[in-house]
Amino acid sequence: MRRWLKATLMYQPPPVPILHRIMPENSTTFCVLALLALNIFYLLYHVDFSTLTSIEVIAGRSGLLFVANLPWLYMLAAKNQPLKALTGHSYENLNLLHRRQGELLCFLAVIHFSGMLFAWWRALRPFLTLYRFLTFKYILLGDCAFVAYEVLYFTSLSSFREWWYEMFLASHVFLQAAGLVLLFFHHFRSRPYVGASLAIFLLDRIVWRMNIKTKTVRADLLVMKDGETVKVSADWSVSPRSRTGWRFWLGGNMSHGWEASQHVFLTVPGISKQHVLQCHPMTIASAAPEPGQDHAWFNLIIRAKSGFSRDLLHYAQDHASTKIRLDGPYGSLHALDMLHASDISIVVAGGSGIAVAYPMIWSLLHSESRHGQQICLISVVQDASHTHWLGTERLQELKTLGLHLITPPPSRKYGRPDVAALLCDNVHQLLDHAECADDDSKISVVVSGPDSLNRSVRNTCSRLVREGLNVDVAVEKFGW
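Using numbering that gives the first Met the number 0, you'd call the opening residue of the sequence shown number 0 and step up by one each time.
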């Protein structure tokens, strides 16, 4: 029963037909459904549906639920938050809950707005025109807040983010700030919740991110052999981490180094004026400084798509170096800790997912506590030139240290490899070679790549759990 439950929670359903919307794994879906059920309970509890006034009651409750959920919405979005200490998951792992809660709030806003219109139609229509009703000061403020949050929802859709990420960033900051101000003056009972949300936002954005977590360095820019990828490199002296005072509790910036699998928000002001305020999440593609190391070598591998990454590619073609601003590091160490605690550790990287895989593999191979641990990397690339992102010398060095490296032929020329079969075969091969291997041998799999690859690996691990193996899986992917 326990094995069946674990496999079921690990399984990721296929995308929703027609909408082609990616579904999360079942465990996350159950969390979202629990959040939805709790809000429905508060919305409908003890409502007398025998009269039309029930609609107005639900409209009022939906407004209260909207503001009551606001602090949690901002907490889940904050880059620096106490939930990481409580759950072990950083903001990027909680981002899907943030998005689903945001959708719930927009739906509650629709119910509240519609209910207020119904109240006008039922009781006030004979005495008051709709225009006059909607332009009362406190109602007009609510109307504007409603528009701000609904526009915020549409600009946060994945299709819009992919089409115009820069506008998503700008609208996300401006519209949510405007929405908070409008809500504050719309109704006095919203003010404690608005105040809490504003405090979370200001502490995260201004006090922490813009002052404590930011570092500016000069970096080298190199266009890779494929002509579509930029390597950003920098180095600096590592400052010792404070073990006392506010720095110990709040964390430091990149001057103090980082951990494998963490990421930063990158700003390149030199591209143009509009890029001065833009920050984009990038996984650190270099090994983390070891304890006692006094110098850090920092790399980012950025695949040009559109918007910022395409602008950076054009800029790098004419500039060998530039000043960059780094906000971070961020990210939980859940996946890395899981790999370290396993008998067999497998990392599956698809395309630029190698930027996530390499620091993890390096950390595993250089761990002092490694005793008979089997470590495997399955690296899937579209083109043979993509192997130069890391360099054959580094890959050979990893193999010398004991890495089992699997590199299927490039998918652009030979088609997509059967990653599920590769993963299953290597799990059983590594079990055969592992010291004291048995059914309780702990196997951990981390995957970073396109959605289709992530789902294939996750569901393969679910199948292995059903077969009786002790397998855990983690997906390293940004949720925006």
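It is worth saying that the hints were derived from the structure and are not from the lab.
Hints may contain errors.
[Claimed, not checked] In the SDA-like style, the derived pairs of lysine to any residue whose C-alpha atoms are separated by at most 25 Å in a straight line are: (1) K476 x R121; (2) K5 x I17; (3) K322 x Y164; (4) K5 x T86; (5) K476 x I39; (6) K5 x S451; (7) K476 x A319; (8) K441 x D382; (9) K398 x K441; (10) K224 x M281; (11) K230 x T86; (12) K136 x R121; (13) K136 x F106; (14) K83 x P290; (15) K398 x D382; (16) K476 x K136; (17) K78 x K5; (18) K304 x K398; (19) K83 x K224; (20) K78 x Q273; (21) K230 x F106; (22) K322 x M223; (23) K272 x A303; (24) K78 x L34; (25) K214 x V237.
We went through each hint and held it up to the structure:
1. K476 x R121: violated (49 Å)
2. K5 x I17: Violated: K5 and I17 sit about 29 Å apart, past 25 Å.
3. K322 x Y164: holds (22 Å)
4. K5 x T86: Since the Cα atoms of K5 and T86 sit roughly 19 Å apart, the hinted pair holds (cutoff 25 Å).
5. K476 x I39: violated (30 Å)
6. K5 x S451: holds (21 Å)
7. K476 x A319: violated (30 Å)
8. K441 x D382: Since the Cα atoms of K441 and D382 sit roughly 33 Å apart, the hinted pair is violated (cutoff 25 Å).
9. K398 x K441: At roughly 22 Å apart (the allowed maximum being 25 Å), K441 and K398 satisfy the hint.
10. K224 x M281: Roughly 20 Å between the alpha carbons, so the hint for K224 and M281 holds.
11. K230 x T86: The given pair, whose Cα atoms are some 34 Å apart, is violated under the 25 Å limit.
12. K136 x R121: holds (21 Å)
13. K136 x F106: holds (23 Å)
14. K83 x P290: Holds, because 23 Å separates the two Cα atoms, which is no more than 25 Å.
15. K398 x D382: Satisfied, since the Cα-Cα distance of roughly 21 Å is no more than 25 Å.
16. K476 x K136: Status violated; Cα separation ~45 Å.
17. K78 x K5: Since the Cα atoms of K78 and K5 sit roughly 29 Å apart, the hinted pair is violated (cutoff 25 Å).
18. K304 x K398: violated (31 Å)
19. K83 x K224: The given pair, whose Cα atoms are some 39 Å apart, is violated under the 25 Å limit.
20. K78 x Q273: holds (23 Å)
21. K230 x F106: Status violated; Cα separation ~42 Å.
22. K322 x M223: holds (20 Å)
23. K272 x A303: The hint holds at about 20 Å.
24. K78 x L34: OK: K78 and L34 at ~21 Å, within 25 Å.
25. K214 x V237: Roughly 12 Å separates the two Cα atoms, so the pair holds.
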